[in-house]
Amino acid sequence: MSLKGRHLIDPNDFSLSELDEIFDLADRMADDRDSFGNICNGKILGTLFYEPSTRTRLSFESAMLRMGGKVLGFSDAGTSSVSKGESIADTIRVLSSYADVVVMRHPKEGAPKLASEYSLIPVINGGDGGHQHPTQTLTDLLTIRRYRGTLENQTIAFCGDLKFGRTVHSLISAMSYYKGSKFVLISPAELRLPGHLKSSLIEKHNVGIYETENLEEVINQVDVLYMTRIQKERFFNEADYMRLKDSYILSRSKLKDSREDMLVMHPLPRVNEISYDVDDDKRAVYFKQAEFGIYVRMALMALLLGVNVNVNRK
Amino acid sequence: MLTVNSINCGIVIDHIAAGNGIKIFEKLKLDEVDFPVVLLINVPSRKLGRKDIIKIENKIDVDLTMLGLIDPNITVNIIENDKIVKKMNTIIPEEVQGLFKCKNPRCVSNFDEYVTPKFHLAKANGKIHYRCGYCEELTTYSI
Numbered sequence: 001m002s003l004k005g006r007h008l009i010d011p012n013d014f015s016l017s018e019l020d021e022i023f024d025l026a027d028r029m030a031d032d033r034d035s036f037g038n039i040c041n042g043k044i045l046g047t048l049f050y051e052p053s054t055r056t057r058l059s060f061e062s063a064m065l066r067m068g069g070k071v072l073g074f075s076d077a078g079t080s081s082v083s084k085g086e087s088i089a090d091t092i093r094v095l096s097s098y099a100d101v102v103v104m105r106h107p108k109e110g111a112p113k114l115a116s117e118y119s120l121i122p123v124i125n126g127g128d129g130g131h132q133h134p135t136q137t138l139t140d141l142l143t144i145r146r147y148r149g150t151l152e153n154q155t156i157a158f159c160g161d162l163k164f165g166r167t168v169h170s171l172i173s174a175m176s177y178y179k180g181s182k183f184v185l186i187s188p189a190e191l192r193l194p195g196h197l198k199s200s201l202i203e204k205h206n207v208g209i210y211e212t213e214n215l216e217e218v219i220n221q222v223d224v225l226y227m228t229r230i231q232k233e234r235f236f237n238e239a240d241y242m243r244l245k246d247s248y249i250l251s252r253s254k255l256k257d258s259r260e261d262m263l264v265m266h267p268l269p270r271v272n273e274i275s276y277d278v279d280d281d282k283r284a285v286y287f288k289q290a291e292f293g294i295y296v297r298m299a300l301m302a303l304l305l306g307v308n309v310n311v312n313r314k
Numbered sequence: 001m002l003t004v005n006s007i008n009c010g011i012v013i014d015h016i017a018a019g020n021g022i023k024i025f026e027k028l029k030l031d032e033v034d035f036p037v038v039l040l041i042n043v044p045s046r047k048l049g050r051k052d053i054i055k056i057e058n059k060i061d062v063d064l065t066m067l068g069l070i071d072p073n074i075t076v077n078i079i080e081n082d083k084i085v086k087k088m089n090t091i092i093p094e095e096v097q098g099l100f101k102c103k104n105p106r107c108v109s110n111f112d113e114y115v116t117p118k119f120h121l122a123k124a125n126g127k128i129h130y131r132c133g134y135c136e137e138l139t140t141y142s143i
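Residue numbers (our numbering), protein chains in the order written: chain B, 1 to 314; chain G, 1 to 143.
Pulled out of the complex, with its shape left as it was, chain B reads as follows:
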């Protein structure tokens, strides 16, 4: 099935072979970016950001601009017709005639799914509350695939906020489709992975899961260490945030027992959960991960738009 005209709301909207198609194209774009500089001439990306985001929005905008397309939209719901009480359905219906593909970030969970039901153009979920962030997941999958050569048989440790961290929910759900995936969940008791997600992973995929509060106990056993920020904006209560925010800090000394080829990943932005002295360790790949996010978003939008990507193919 072609990806042209499809929506991306959940990372599992696409089959593994469709994901491979995106990753193969993203690899080509990463290796030869300039050749793809005009493939989206005349195309417009609409950016509907109902809550602040710098990284994701700029990454999408950069991806479209690097393919020769244009960008319009808003980055703050307060400056749009949303502040007048317009429904998501009406906003997306109108935007369908202004743009060719749209990315939406929204604080309410399920908002991009709702938009996709009324949209005439592909809708990409740019993050909805604590629910999903599928393009971050594609970025993470591409990063693992580029460094390890495969997405199968990987043991991935997730560390930090596993309760509200949507990047964790999306990645763990996507990785569970790959053969031999094992997960190590490192978090304080209050920030554990939600029970419904854990039971669904076990019931549907029979994946191995190990839970601990101790990072040092497991750091030498994993292929990927995925660090997350304790997100202040997800807490109702400031006291809870203050108590938990420094639960895990990865420093260079803690890395000494880890495998030489382990990957340290992070969706960024970080606060203090990874010390700066880790940045120049060869295991730290989080800035490359951010760069791969551009290529995966370029590949995704090109395929959803159905533009010609057969440039410089021998």
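All clues given are correct.
Only pairs whose alpha carbons sit at most 25 Å apart, straight line, appear in this in silico DMTMM-like list of lysine to aspartate or glutamate:
#	chain 1	residue 1	chain 2	residue 2
1	G	LYS118	B	ASP10
2	G	LYS123	B	ASP10
3	B	LYS288	B	GLU61
4	G	LYS103	B	GLU203
5	B	LYS256	B	ASP281
6	B	LYS254	B	GLU213
7	B	LYS198	G	GLU94
8	G	LYS23	G	GLU94
9	B	LYS204	G	GLU94
10	G	LYS101	G	ASP61
11	B	LYS256	B	ASP277
12	G	LYS123	B	GLU203
13	G	LYS103	B	ASP10
14	G	LYS103	B	GLU117
15	B	LYS232	B	ASP246
16	G	LYS123	G	ASP71
17	B	LYS288	B	ASP257
18	G	LYS103	B	ASP240
19	G	LYS118	B	GLU86
20	G	LYS101	B	GLU86
21	G	LYS101	B	ASP90
22	G	LYS123	B	ASP13
23	G	LYS118	B	GLU203
24	B	LYS288	B	ASP277
25	G	LYS59	G	GLU80
26	G	LYS103	B	GLU238
27	B	LYS198	G	GLU95
28	B	LYS204	B	ASP20
29	B	LYS43	B	GLU21
30	G	LYS86	G	ASP63
31	G	LYS101	B	GLU117
32	G	LYS27	G	ASP71
33	G	LYS103	B	GLU190
34	B	LYS43	B	ASP24
35	G	LYS118	B	GLU117
Hints in this document: simulated from the structure, not taken from any laboratory.
Position chain G relative to chain B; hints supplied.
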């Protein structure tokens, strides 16, 4: 033992878990009708120990889906000329739209007036759960 006359033509909603009878009575708005209705509570039952029964001396449309959501063990008997002519079990629906709200306070279906909450059946063993079609949280229907 309390005796209640059988009905000649109408509906008997049987095998209601004790305590749910009054809730179903209210849900079906039987307090507003102008035909005879009997609500029996705490009736001895071999299967349930105690059960509630609703007898309605009239044929009304009973939403088997709604009853299934409340209690999948409920049976509905259609009575004609003092005889049961049809026995129906409730339906546990695979998809539910608009009958209840998502329990997730962050779900878009609790904010946007345009949205009709929709759910897919997630588990039918013992308790019935429904997965929200928007945010994927599990909600259990309760009356």
